[in-house]
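Asker: Sequence:
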Amino acid sequence: MNINDPIAKQTEWTPLEGGGASFGTHKLVEISTNRLEYRASNGAMLFYLLFISLGLIAVSSNFWNGLNLMVLVIGLIFTVVGGILFVSGTTPKVFDKEANTFWSGKKQGADSISLNQIHALQVVAEFIKSKKKRYHSDELNIVMKDGKRVNVIDHGDRLSFDKDAKKLSEFLNKPIWESDHK
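Start counting the sequence shown at 1; every next residue gets the next number (my numbering).
Simulated from the structure, these hints should not be mistaken for lab results.
Careful, some of the hints might be misleading.
As the list claims (entries may be wrong) - Calculated pairs, BS3-like style, for lysine-lysine (alpha carbon to alpha carbon, straight line, at most 25 Å): (1) Lys174 to Lys145; (2) Lys145 to Lys167; (3) Lys106 to Lys167; (4) Lys107 to Lys9; (5) Lys174 to Lys97; (6) Lys107 to Lys167; (7) Lys166 to Lys106; (8) Lys107 to Lys148.
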């Protein structure tokens with residue numbers, strides 16, 4: 001890290017959210033000149049719906065082919081996990097200049113952050129290794145004036161990630177800080 005900002009030096013540079021995705025999970029959408037939102041990408045929506053569908057197919061097969069407890073349990077797990085992924089993954093991340101606020105969700109809530117408290121945008125690159133896969137994922141965090149961080153998104157399409165982060169940086173008039181290991 002080569003950033004000459006005292007807040008950058010006190011800020012953590014490890015991922016806030018472990019893991020990540022090997023594909024673009026979000027896209028930045030301009031709602032108006034005063035509002036940008038990160039929304040789930042089509043690929044992410046398909047992924048979540050695939051999980052739910054596989055679970056529902058397994059559960060419904062129990063009604064047609066006789067009760068198989070293991071298939072029923074696996075189907076229920078897929079359906080519930082897919083539902084949780086769908087709800088959390090499709091929650092918009094909103095930057096609204098009129099309300100002078102960032103929030104996560106359909107409506108502004110108690111966990112909203114004033115845009116005035118945002119000091120910078122932080123990009124943390126992560127290399128994910130598992131037994132079956134290896135891939136890069138990037139995390140975009142808001143850095144507050146006190147050095148605390150709030151995760152915005154995490155995904156694996158670096159080109160769209162960089163383009164959207166630059167657009168958000170210009171919208172907020174805040175710098176982008178990047179970890180040295182891309």
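Asker: Next step is simple, just say for each hint if it's right about the structure.
Answerer: Evaluation of the provided hints:
A C-alpha spacing of about 12 Å is found between Lys174 and Lys145, which places the hinted pair at or below 25 Å, so the restraint holds. Straight-line distance between C-alpha atoms of Lys145 and Lys167 comes to about 21 Å, which keeps the hinted pair within the 25 Å bound. A hinted pair counts as satisfied when its Cα atoms are at most 25 Å apart, and Lys106 with Lys167 qualifies at roughly 22 Å. Of the supplied pair hints, the one linking Lys107 and Lys9 is violated, its CA atoms being roughly 34 Å apart against a limit of 25 Å.
Between Lys174 and Lys97 the alpha-carbon distance is near 13 Å, which keeps this suggested pair within the 25 Å criterion. Of the pairs offered as hints, the one joining Lys107 and Lys167 holds, with about 23 Å between alpha carbons and a cut-off of 25 Å not exceeded. Restraint check for Lys166 and Lys106: satisfied, since their Cα atoms lie roughly 24 Å apart, inside the 25 Å limit. Annotation: proposed proximity of Lys107 to Lys148 holds, straight-line Cα distance about 23 Å (limit 25 Å).
Hint compliance for this structure: hint 4 alone is broken.
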